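Chemist: Residues in the sequence shown are numbered from 2 upward in steps of one, following this note's numbering.
If you're looking for bench data, these hints aren't it; they were derived computationally from the structure. Only a predicted model underlies this, so the values are computations on that prediction, with no experimental measurement involved. Glycine included, C-beta positions come from ideal geometry on N, C-alpha and C. Don't take every hint at face value.
To be verified - Computed list of lysine-lysine pairs in DSS-like fashion (alpha-carbon distance at most 30 angstroms, straight line):
#1 Lys363 x Lys327
#2 Lys48 x Lys113
#3 Lys134 x Lys48
#4 Lys260 x Lys157
#5 Lys125 x Lys113
#6 Lys238 x Lys277
#7 Lys250 x Lys206
#8 Lys264 x Lys226
#9 Lys168 x Lys134
#10 Lys500 x Lys422
#11 Lys194 x Lys238
#12 Lys398 x Lys327
To be verified - If you anchor each label on the Cβ, the simulated ranges turn out as follows:
#13 Arg276 x Gln581: 51 to 61 angstroms
#14 Phe220 x Pro593: 33 to 43 angstroms
#15 Phe534 x Asp568: 29 to 39 angstroms
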Amino acid sequence: MTKFKINLAIILALSFLAVSILSLPSAFCEDGAGQKIIKHVDVKNNKTVSGATILAKLKTKKGDAFSQKIVDEDIKRLYLLGFFSDVSVSVEDVQDGVGIIFTVMEKAPLTKVVFAGNKVFDSKRLEGAVESKLNEFADERKLKKDADNIKDLYEKKGYPWVEVIYKIETDEANASSKAIFTINEGARAVVKKIDLIGNTGFSDKRIAKIMKSRTAGFFRSGVYKKEVLEDDMERIKNFYRQAGYLDVKPGYELLFREKGRKKWIEIAVRIEEGRKYVTGAIKIANNTVFPEEELKALFNMKPGDTFTEEALHTDVGSIQEHYFDKGYIMARVRPDTVLNMATDRIDITYSLTEGEVAYVNKINIRGNTKTKDVVIRRELRIKPGERYDGAKLKRSKERLNNLGYFESITFDTEETAQADKRDMVVDVKETKTGEFSFGGGFSSIDKLIGFVEIEQRNFDMLNFPTFTGDGQDIKLRGEFGSTRKNYLLSWTEPWIFDKPLSFGFDLYASEHNKSGSTGYAYDETRQGGDVRFGKEFSEVLRGDLTYRIETVDISDLDSNVSQALKDEAGENTISSAMFQLTKNTTDNRFNPVRGAILVGSVEVAGGPLGGDK
Numbered sequence: 002m003t004k005f006k007i008n009l010a011i012i013l014a015l016s017f018l019a020v021s022i023l024s025l026p027s028a029f030c031e032d033g034a035g036q037k038i039i040k041h042v043d044v045k046n047n048k049t050v051s052g053a054t055i056l057a058k059l060k061t062k063k064g065d066a067f068s069q070k071i072v073d074e075d076i077k078r079l080y081l082l083g084f085f086s087d088v089s090v091s092v093e094d095v096q097d098g099v100g101i102i103f104t105v106m107e108k109a110p111l112t113k114v115v116f117a118g119n120k121v122f123d124s125k126r127l128e129g130a131v132e133s134k135l136n137e138f139a140d141e142r143k144l145k146k147d148a149d150n151i152k153d154l155y156e157k158k159g160y161p162w163v164e165v166i167y168k169i170e171t172d173e174a175n176a177s178s179k180a181i182f183t184i185n186e187g188a189r190a191v192v193k194k195i196d197l198i199g200n201t202g203f204s205d206k207r208i209a210k211i212m213k214s215r216t217a218g219f220f221r222s223g224v225y226k227k228e229v230l231e232d233d234m235e236r237i238k239n240f241y242r243q244a245g246y247l248d249v250k251p252g253y254e255l256l257f258r259e260k261g262r263k264k265w266i267e268i269a270v271r272i273e274e275g276r277k278y279v280t281g282a283i284k285i286a287n288n289t290v291f292p293e294e295e296l297k298a299l300f301n302m303k304p305g306d307t308f309t310e311e312a313l314h315t316d317v318g319s320i321q322e323h324y325f326d327k328g329y330i331m332a333r334v335r336p337d338t339v340l341n342m343a344t345d346r347i348d349i350t351y352s353l354t355e356g357e358v359a360y361v362n363k364i365n366i367r368g369n370t371k372t373k374d375v376v377i378r379r380e381l382r383i384k385p386g387e388r389y390d391g392a393k394l395k396r397s398k399e400r401l402n403n404l405g406y407f408e409s410i411t412f413d414t415e416e417t418a419q420a421d422k423r424d425m426v427v428d429v430k431e432t433k434t435g436e437f438s439f440g441g442g443f444s445s446i447d448k449l450i451g452f453v454e455i456e457q458r459n460f461d462m463l464n465f466p467t468f469t470g471d472g473q474d475i476k477l478r479g480e481f482g483s484t485r486k487n488y489l490l491s492w493t494e495p496w497i498f499d500k501p502l503s504f505g506f507d508l509y510a511s512e513h514n515k516s517g518s519t520g521y522a523y524d525e526t527r528q529g530g531d532v533r534f535g536k537e538f539s540e541v542l543r544g545d546l547t548y549r550i551e552t553v554d555i556s557d558l559d560s561n562v563s564q565a566l567k568d569e570a571g572e573n574t575i576s577s578a579m580f581q582l583t584k585n586t587t588d589n590r591f592n593p594v595r596g597a598i599l600v601g602s603v604e605v606a607g608g609p610l611g612g613d614k
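Sequences and hints are given; from them, build the entire structure.
Modeler: Below you can see the structure in the form of structure tokens.
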């Protein structure tokens, strides 16, 4: 009987519990875990930052189950935006759930940046180091970075003891803020000692020659500069690597010394040299076009030589250039290196992918907005239908550079329907070809002088209104002074009828007047012109023929001038012809790094050419 009563009590208790669970409010069981559902999320007190922007940053969303942990994380997220000085959250009960309200207090916008204590750099220079923008929110993280930037600026100038602190002053009434950077510049650091540690392959003296950092001396300031010292580490690294020490690791430590009121720096440069690598066996794989010995003859780095990555890349380029010159423009070279433990040297295998000979299909010119296609095409040493030739491509690029019309020139190829033919693409970026210059000065002889010059090196007389693009050269120059005047008009067409024949002329006039005891002792007037013809005989040789005729009038001579000058008095006509031969092997007209220019000329005047002289 007792057992039956106990079982009945248990059944009644379980039934009551089931009824209680079924009768719970739905808001506490919609997510299956007893959490309330978020019915709305609102933002209050925001003035500048939009509510949509703030809501987009929140993980708390309408329809999700409420989580205090996520709300706390959202508060942190809003602080990290850097827009707000205060963020608070309130949770309110609503029908079937809760509502979340984020109340924010925006930071005052930064309206002014002030520097105090700066003497080495003026405020304008320091403003360039500040990344914080006016009329944006004052952000502690940005201002800290600004302080670091200012400090770095001083350190590079040689002030390692500089201190930079900042603070933000807020004007609540005007809803604005001001950033104040206070700078304690400290003394400018002088290097009194540089110790080199760990260098066994090279002497201290040899490494010191590489470095730009110097100790203070009679003729040297010895000012410490961070950027110079960091560059020194790169210089040491490159020097060692070129000598075969591929694993070298240079570094430095600054030792700040102080004695009384004096401060200075000692630099300890530590060099982990590593081992010196030597070239071992050299092999060439997958070559079928050229024999191995022919390719090995191209190498600068031989077995037993110091191994350097620079020499390795140079030899790779030599192989590729050899293939390019024969039309194998898709040839590729992959150098594989391995340390041979038996010989303790680096063995090299150059693996080749030769490809097939390629021919030029079409030549496409791109990037030229002013220069005519023909001006570019006539400088190319390679033509459609020809086999690609690396040497010709190199010379073509040199000739285009020598025009002075382009900032950059690149060659590329594009596939065509025929496997052995590829379109050639010449891509150029044009630069200024017109110049306008003027100037003035004073000399004891010529007194006040001035000049004006206009030149267009890519002139086209028929292209109105820009008059550019045909590759002609025109120059107008005038010089004016108290005692002299000069005028010049020069024009040159470098290609007549698209042939390597040039034609041009010069028209000029000049005069100078007698100018006291220290100046000219006579008056002289010259008027004349010349006609020029030129021809290219080869890539490096050209000839020019110039016929010149001018009238020279010398008058008002001082009594003490020489008899030779008296014999030239009056008006005379000069008629002359000059032939000039020029051999030019330079690689660049404007900035040559190799080659030479040899010029020879002969000029004949009078006789069958007429004239008085």
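Chemist: With the threshold set at 30 angstroms, check whether the alpha-carbon distance from Lys168 to Lys134 stays at or below it.
Modeler: Satisfied, since the Cα-Cα distance of roughly 16 angstroms is no more than 30 angstroms.
Chemist: Does the hinted range 51 to 61 angstroms hold for Arg276 and Gln581 at CB?
Modeler: holds (59 angstroms)
Chemist: Given the range 33 to 43 angstroms, decide if the beta-carbon distance of Phe220 to Pro593 lies inside it.
Modeler: At 35 angstroms between Cβs, range holds.
Chemist: Is the hinted pair Lys194 and Lys238 satisfied, with a Cα-Cα distance of at most 30 angstroms?
Modeler: holds (21 angstroms)
Chemist: So if I understand the rule, the pair passes when the alpha-carbon distance is 30 angstroms or less; does Lys363 with Lys327 pass?
Modeler: Distance ~19 angstroms between Lys363 and Lys327 Cα, so the pair holds.
Chemist: Could you see if the CB distance from Phe534 to Asp568 stays within 29 to 39 angstroms?
Modeler: holds (34 angstroms)
Chemist: Can you confirm whether the C-alpha distance between Lys48 and Lys113 stays at or below 30 angstroms?
Modeler: holds (21 angstroms)
Chemist: Between the alpha carbons of Lys398 and Lys327, is the straight-line distance 30 angstroms or under?
Modeler: holds (18 angstroms)
Chemist: Take a quick look at whether Lys134 and Lys48 sit within 30 angstroms of each other, Cα to Cα.
Modeler: holds (19 angstroms)
Chemist: Take the C-alpha atoms of Lys264 and Lys226, compute the straight-line distance between them, and say whether it is at most 30 angstroms.
Modeler: Holds - the C-alpha atoms of Lys226 and Lys264 are around 15 angstroms apart, at most 30 angstroms.
Chemist: If you draw a straight line from the CA of Lys500 to the CA of Lys422, is it 30 angstroms or shorter?
Modeler: holds (28 angstroms)
Chemist: Taken at face value, is the distance from the CA of Lys113 to the CA of Lys125 at most 30 angstroms?
Modeler: holds (13 angstroms)
When each numbered hint is compared with the structure, no violation occurs for any of them.
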